[in-house]
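Protein chains in written order, with the working numbering: chain Y, 1 to 400; chain E, 1 to 400; chain F, 1 to 360; chain S, 1 to 360.
I should point out that these hints are in silico values taken from the structure, not numbers from a laboratory. Only a predicted model underlies this, so the values are computations on that prediction, with no experimental measurement involved. Note that beta-carbon positions come from the ideal geometry of N, C-alpha and C, so glycine has one too. Please note that a few of the clues may not be correct.
Claimed, not checked - Which chain S residues face chain E? A few, computed with CB under 8 Å, are given here:
hint: 1; residue: F278
hint: 2; residue: S279
hint: 3; residue: P284
hint: 4; residue: F337
hint: 5; residue: Q360
So the chains spell out like this:
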Amino acid sequence: MSEKELKTPLVDELEEGPWPSFVKEIKSLDNPKAKDLLGVLERSYRDKVGHWKHGGLVGVMGYGGGVIGRYNDLPDEFPEVAAFHTLRVNHPAGWFYTSDVLRKLCDVWEEHGSGLTNMHGSTGDIIFLGCSTEELEPTFKKLTELGFDLGGSGSCLRTPSCCNGMARCEWACYDTMALTYDLTMEYQDELHRPPFPYKFKFKMAGCANDCVASIARADMSIIGTWKDEIRIDADAVKEYAEAGDLDILVDVVSRCPTKCMSWDGQELLIDDADCVKCMHCINAMPKALAPGKDRGATILVGSKAPIIGGALLSSVMVPFLKMEPPYEDLKELVDALWELWGEHGKNRERIGEFIQRIGLGNFLDQIGLDPTPEMIAQPRANPYIFYELDDEDEYEDDED
Amino acid sequence: MSEKELKTPLVDELEEGPWPSFVKEIKSLDNPKAKDLLGVLERSYRDKVGHWKHGGLVGVMGYGGGVIGRYNDLPDEFPEVAAFHTLRVNHPAGWFYTSDVLRKLCDVWEEHGSGLTNMHGSTGDIIFLGCSTEELEPTFKKLTELGFDLGGSGSCLRTPSCCNGMARCEWACYDTMALTYDLTMEYQDELHRPPFPYKFKFKMAGCANDCVASIARADMSIIGTWKDEIRIDADAVKEYAEAGDLDILVDVVSRCPTKCMSWDGQELLIDDADCVKCMHCINAMPKALAPGKDRGATILVGSKAPIIGGALLSSVMVPFLKMEPPYEDLKELVDALWELWGEHGKNRERIGEFIQRIGLGNFLDQIGLDPTPEMIAQPRANPYIFYELDDEDEYEDDED
Amino acid sequence: MSTNLKKRVTDIGPPHYEQFLPPIIKENYGKWKYHYFMRAGVMVHVGESGDQLYTVRAASPRLCSVHTIRFFADLADEFCDGYLRFTSRNNVEFLLSDESKVEPLIERLAKEGFPVGGFGNSISNPVHTQGWIHCHSAASDASGVVKALMDDLFEYFAEPKLPAKLRLAFACCLNMCGAVHCSDIAILGVHRRIPEINNETIRAQCEIPTTVASCPTGAIRPTTVNGTKSVEVIEEQCMFCANCYTVCPSMTLNDPEMDGLSIWVGGKVSNARTEPKFSKLAIPYIPNNPPRWPEVVEAVRNIVEVYAAGAQKFERLGEWIERIGWPKFFELTGIEFTKYHIDDFSHAGETFKRSLHFRQ
Amino acid sequence: MSTNLKKRVTDIGPPHYEQFLPPIIKENYGKWKYHYFMRAGVMVHVGESGDQLYTVRAASPRLCSVHTIRFFADLADEFCDGYLRFTSRNNVEFLLSDESKVEPLIERLAKEGFPVGGFGNSISNPVHTQGWIHCHSAASDASGVVKALMDDLFEYFAEPKLPAKLRLAFACCLNMCGAVHCSDIAILGVHRRIPEINNETIRAQCEIPTTVASCPTGAIRPTTVNGTKSVEVIEEQCMFCANCYTVCPSMTLNDPEMDGLSIWVGGKVSNARTEPKFSKLAIPYIPNNPPRWPEVVEAVRNIVEVYAAGAQKFERLGEWIERIGWPKFFELTGIEFTKYHIDDFSHAGETFKRSLHFRQ
Ligand code: SRM
Ligand code: SRM
Ligand code: SRM
Ligand code: SRM
Ligand code: SF4
Ligand code: SF4
Ligand code: SF4
Ligand code: SF4
Ligand code: SF4
Ligand code: SF4
Ligand code: SF4
Ligand code: SF4
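Okay, chain Y solo, but in the shape it has when bound (with noise of 0.2 Å):
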């Protein structure tokens, strides 16, 4: 690529402004990848288009994802990003870092690939961004020798992550840290290897606020919760309703979905019975209230983006789990519901799909939960039932 070719005066626009500018990342490196990386995105900038293509199967030996595989449109303009591949690296849970580590990783990656990174990806990857196909693995030896692994891709397990829970917030019911190493580590074959349908997510909440969108984008979204009283320090109440800032009755009760507080401007009550921990009072006064001690998670199954059938939310599937190691009872639940989708599920159906074309009903059965009505916003208003009648009748889904 000659001197003049490189002029990318439409992304160079993009150095200006407040926000701190990708392209001076770019620019940044002074390496050939790079420099053809801006030409590259010079010519979409201009041509409104993209100029990448399909990524074949490239990875690591002995596992199936972890890779995303890239290659450019103008190998012949841009050839040191002729084949640009990403390295999803699984990330520590909550993302926590020392200053060394974080440097050694820079080390690897600027002596093997372009020296981009997303910090992080969508997922919670560190994205090595643009690896040559030769690279792959010399990288990832280096990765391994300095304790870090491949996150997922494909139809595999995807790299969990949580919300920095218990490390640095005060409302987490359990210990999402915790849970996301536990399961990431239980896991690692499903993550390397593509055992599935399609792709499943683990995401980890320490409470309903969902600091990492479980309930979104998770397979399974664990979201912490608690079963007894809000804890309410009055002398902090008071605190709150003489400082001002906060109208009590207007901000926190009268916003309460379930009208379960009263505030009479002097002592706050909540009828916790009637409270369904969505977290707003304790949002709002957080030196004033606190979720309750009897703590747990709910355990939420399905959501995705909208490909194929449209997006979905995670829904319930068990409204109160304890959340202590080593976590049998969630992790017997992952294994009845993988070995169902697994031996059922369609090529590219998310679980939450399959659910809902075998019917939660059916799934729950199949799996042996009992159907609770904290499963559902209602019962079905459409008389469509199908009565089993035969106890000893198998329920059998349809498998085309």
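Model the placement of chains E, F and S with the ligands on the given structure of chain Y, informed by the hints.
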């Protein structure tokens, strides 16, 4: 039928009790048809199964609707009800009668049929229950002499019906009975001779209380509403407050769906721009509040029972329309709907299902209505948009 | 067309309603001001003119003989110049201008077994259908169940003592004639075994392609039996809707042991406060037990009583349930929650709980 | 497997997080008591022990070079014993025990172009995807649009001055990597013409049956072109989802003129107050206009400003719209309502307005 066989011990138990007894009604008729009907019913109570067969094509000459054919499956035992059809007689709008006309109807029916009726059927007709095939035509003749005609059945327009509206209700935002009569007369042909892919029902309610359940069971629901301010009689408000039966804050203000009311113990204020005309506050304080003066109706389309694709409620097609004779805008809309559905609707596809199949947006295009946000609860959440790029491109529905 | 037909009078439509309106209604038409309830079963509409119209509402069995209609006509003559009407829920209403005649009319009605009530926060006359009296499709009797129910729930018709109106409806099959699908409590007849196919009659009575197409779940397949074209039903795909039977008489679902009733709750039609809603499944199946269906009566009474005890003023049954949550509804009524309560038809996924908003 | 492979270290998983936690976190793990915001970009967690942890949050471009990561590492060494983390929205957070170091750290960050902010009722770092930087499926660039947007909306990152949190997200195609479908404002890349089929390569690259099956609307039919097996797309049935392209590289949708962006509003993920919700369509299409996509920026700013002016404290964008109603949203923002806003996919009917509850 011998006296012995006519014992009906099971059915007889339903003569007792405070609620009026339909068994007494049947017994009160000392005619053979009524006796055999009771016999059949006793058999059903014993057998736990009905004894009626599918109706055949019976009717009066020149009409394709108005009669439901019905045959018994025990004709040897109960010959009097071997053929036991019903006539659907179009009721006068609002179900008002004089004693005189009722007696004349009774005379006709006593002479030609079983003497049993439903006052009324669920669609609104006077149901003459139990007519032999031969008596259909003579009964019809007598009815027309009396000024009555048959109602609808089959793939016809069905008998339109309405709440009593302005006749006896202070809330009617348009004259439901006048419109019902007008449409019934305008569309006599559609009522008597099946022109559609399936049935079509009109129901008119004078306000959002919908005392004729039109939003749940009419292909076109015409429901009264208003645009301007709720009229408040401040003195009457005070009366309610003082009477003490009603806690204005708890029972009225806090139940307003948009929270657009306020009450300080003295003055009731309504932010009418935010009122959704739900009727609750007016219902609660009929002497103090009344609908505004700029009145008309919302036109909704498509409700129906579950067969085939599931039950539907009607959905908004025209948010507001003045309702004045000769109702030209309304009839233009009706004609447009019928034309499109008539041409492209599948056999046994109600208009509500048809609209869902071809898409409400396309439907509006075809009938020449502009889409407005009042027609939807919320915009689409899925990104599967059928962008139309060429304005010349005509929409084409699939006509399988 | 025969010449005979030409002479026939057709397409005259119904008589114009105006001729049936009492003078007080003609004069105050569109000019009523407000109403109040005078006593159970009697409401008064006050016109802008100051006129007062007394409406006395009496229960009717809906299935009326000509004798009863004549009896109503006689009462109308005696008490209100011959004017009366029926309501959208099959009650009969007498329209009086003279307050002094109200009580005597009520007495006469009571004497003949037609109690007054149904106004305000009461259980009014249940909407219902034909049942074993007339319909080929019925999985149960309509009039019988309704009679048994209302004998038991009579107090709630006679006195408006509920938190809000409670609308009962009955339909004898999934066609749901009436507005059963949006009732506070709906009782619905259900079949529970797959259609029995009469291979003898099917060729004559049914169009095979129409029959195959009629099935919402695609459970019907064309087949050949003993050389005759017929259909077969894939058992696992059938949910007993009887839609095939509607288009093909040779596919019957009626069955003495399998048919029965289901109970649905929390629907409404009015827009008052909350939007109209469908009724949702409460009890999937209760066997037919004529003549008084005691299990059905008990189940409905239980729901009514739990509702009456728990709901706030103006709260319809469905509004109460939405406030307390469905889990609490099942807990308070003691109704068992089963897999049948979980929707599995086309929009099933929309009914799953997709949030943490439930009571722990 | 080669013997070589046996020596390789695999399946070790990620390093245990504990080794990366600063001492103050280890000591207060699970024992934090409450938090408060010290100033824009700085929050303080107070432990039951009384310990105070100062978190300084700075914007990151997500696409980071090793130089920037090393810069962050240097700052961590200098100000907080080498400890730092990233957030679920790609911000970088420095974890300080020493309050006096907060302001100096902020200054250093600012000097290098990494502003602090994003806490509380602000617009935090948008979740986004690869775009023209890396993905074959992209209908637009991700990083570029986000950079342009955040330059413009910067004030809302720097100061928590909105009624509630406002979550922006960007995805470059309908696969919607990220949680775009539940964002306060989502920008979504869209294709708008049917796949172009490369009949030369399709036999080699694609499985025809899989390709046909991939289409959610059944728009793909097998066909034969010049004697080769290929597929064809029924134009009227295609809604440009690119699902076919995912399984078959020979069906490309990218198009310079037709591709562009759509805007979706009112989604949320948290359960706070109201249940999680999907984002709904606001603007069906805006053409690609790199490098700064001014029409997109303007459209988003308009929505943010109308929201900021109208919403009550704690009201997320979607909660505000539900309070005022969708018709009002379109009126206030001046966004045109079109037939595209009306759902016509599988559950479309569920989105129709089936009540009288709207403002006249
Ligand atoms: C890298 C990443 C975007 C990013 O810039 O952050 C990404 C990139 C791709 N995603 Fe994704 N997805 C990424 C997170 C997501 C998420 C978010 C999440 O995991 O929390 C989602 C939504 C949640 C979900 O799983 O539904 C997501 C939903 C999809 C889908 C739609 C799946 C569906 O069921 O609807 C596809 C299409 C597919 O699977 O065929 C897809 C497919 C892809 C592919 C592999 C493209 C393809 O069609 O083969 C993209 C490769 C891009 C590239 O060139 O690198 N990606 N993808 C994210 C992974 C980084 C990481 O490992 O940390
Ligand atoms: C650091 C982070 C978790 C992590 O492990 O990385 C985090 C941290 C906190 N979140 Fe969060 N949230 C984080 C992503 C999220 C997400 C996920 C997302 O945006 O994709 C959500 C769901 C958003 C949604 O609903 O669409 C989220 C919804 C909340 C809420 C609920 C807000 C609401 O009213 O709906 C709260 C409560 C609050 O703000 O009062 C909250 C509160 C908090 C608190 C106050 C919790 C605490 O006591 O430490 C933390 C600081 C909040 C702040 O930024 O103002 N956090 N928080 C994430 C920071 C992302 C960022 O860089 O901006
Ligand atoms: C007589 C009546 C019930 C009653 O006892 O009141 C009735 C009786 C029948 N209805 Fe109905 N329907 C009656 C009002 C209704 C209503 C209520 C309404 O009109 O307000 C509905 C629900 C609203 C609707 O239209 O969806 C209704 C929804 C049905 C359906 C389901 C239609 C659907 O689209 O889901 C069917 C099945 C069909 O059309 O094939 C049906 C079919 C039938 C048939 C004709 C049976 C059949 O499958 O052919 C019944 C004849 C019974 C008989 O032996 O007399 N009937 N039917 C009602 C008509 C009386 C009248 O004219 O006043
Ligand atoms: C007579 C009748 C209309 C007719 O033309 O026949 C009628 C008449 C009145 N209705 Fe109604 N409604 C009548 C059927 C209905 C129906 C339809 C139905 O039940 O199938 C509904 C919808 C029910 C539903 O939502 O499921 C209905 C929902 C209302 C409401 C709203 C109640 C609510 O809070 O949801 C009101 C307002 C109220 O009660 O305060 C109302 C109010 C009234 C008023 C007070 C109107 C007035 O000022 O005259 C009348 C006396 C009400 C009463 O019975 O307490 N009417 N009313 C119908 C009597 C049926 C019966 O015999 O019981
Ligand atoms: S999800 Fe809950 S526990 Fe986790 S960081 Fe957010 S607020 Fe804290
Ligand atoms: S957590 Fe939510 S539901 Fe519970 S009391 Fe607080 S605001 Fe109400
Ligand atoms: S629908 Fe409205 S106008 Fe008609 S009777 Fe009922 S309350 Fe009166
Ligand atoms: S009619 Fe309904 S929305 Fe309007 S003010 Fe009254 S209660 Fe509120
Ligand atoms: S509900 Fe069914 S059984 Fe009853 S009358 Fe209607 S069609 Fe007949
Ligand atoms: S009863 Fe319904 S589901 Fe069963 S075969 Fe007939 S149409 Fe199909
Ligand atoms: S959203 Fe689409 S284009 Fe963007 S990274 Fe994901 S798959 Fe690629
Ligand atoms: S883009 Fe989507 S809708 Fe169009 S043909 Fe491909 S898969 Fe089908």
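Hint check:
1. Proximity of S:F278 to chain E holds as hinted, the smallest CB-CB distance being about 4 Å (cut-off 8 Å).
2. Annotation: interface hint on S:S279 holds; nearest CB of chain E at approximately 7 Å, less than 8 Å.
3. The beta carbon of S:P284 comes within 6 Å of a beta carbon in chain E, closer than 8 Å, and the hint placing it at the interface holds.
4. The interface hint given for S:F337 holds, since its Cβ lies 5 Å from the closest Cβ of chain E, which is under the 8 Å cut-off.
5. Given the 8 Å rule on beta carbons, the hint for S:Q360 holds: about 4 Å separates it from the nearest Cβ of chain E.
Hint compliance for this structure: every hint is met.
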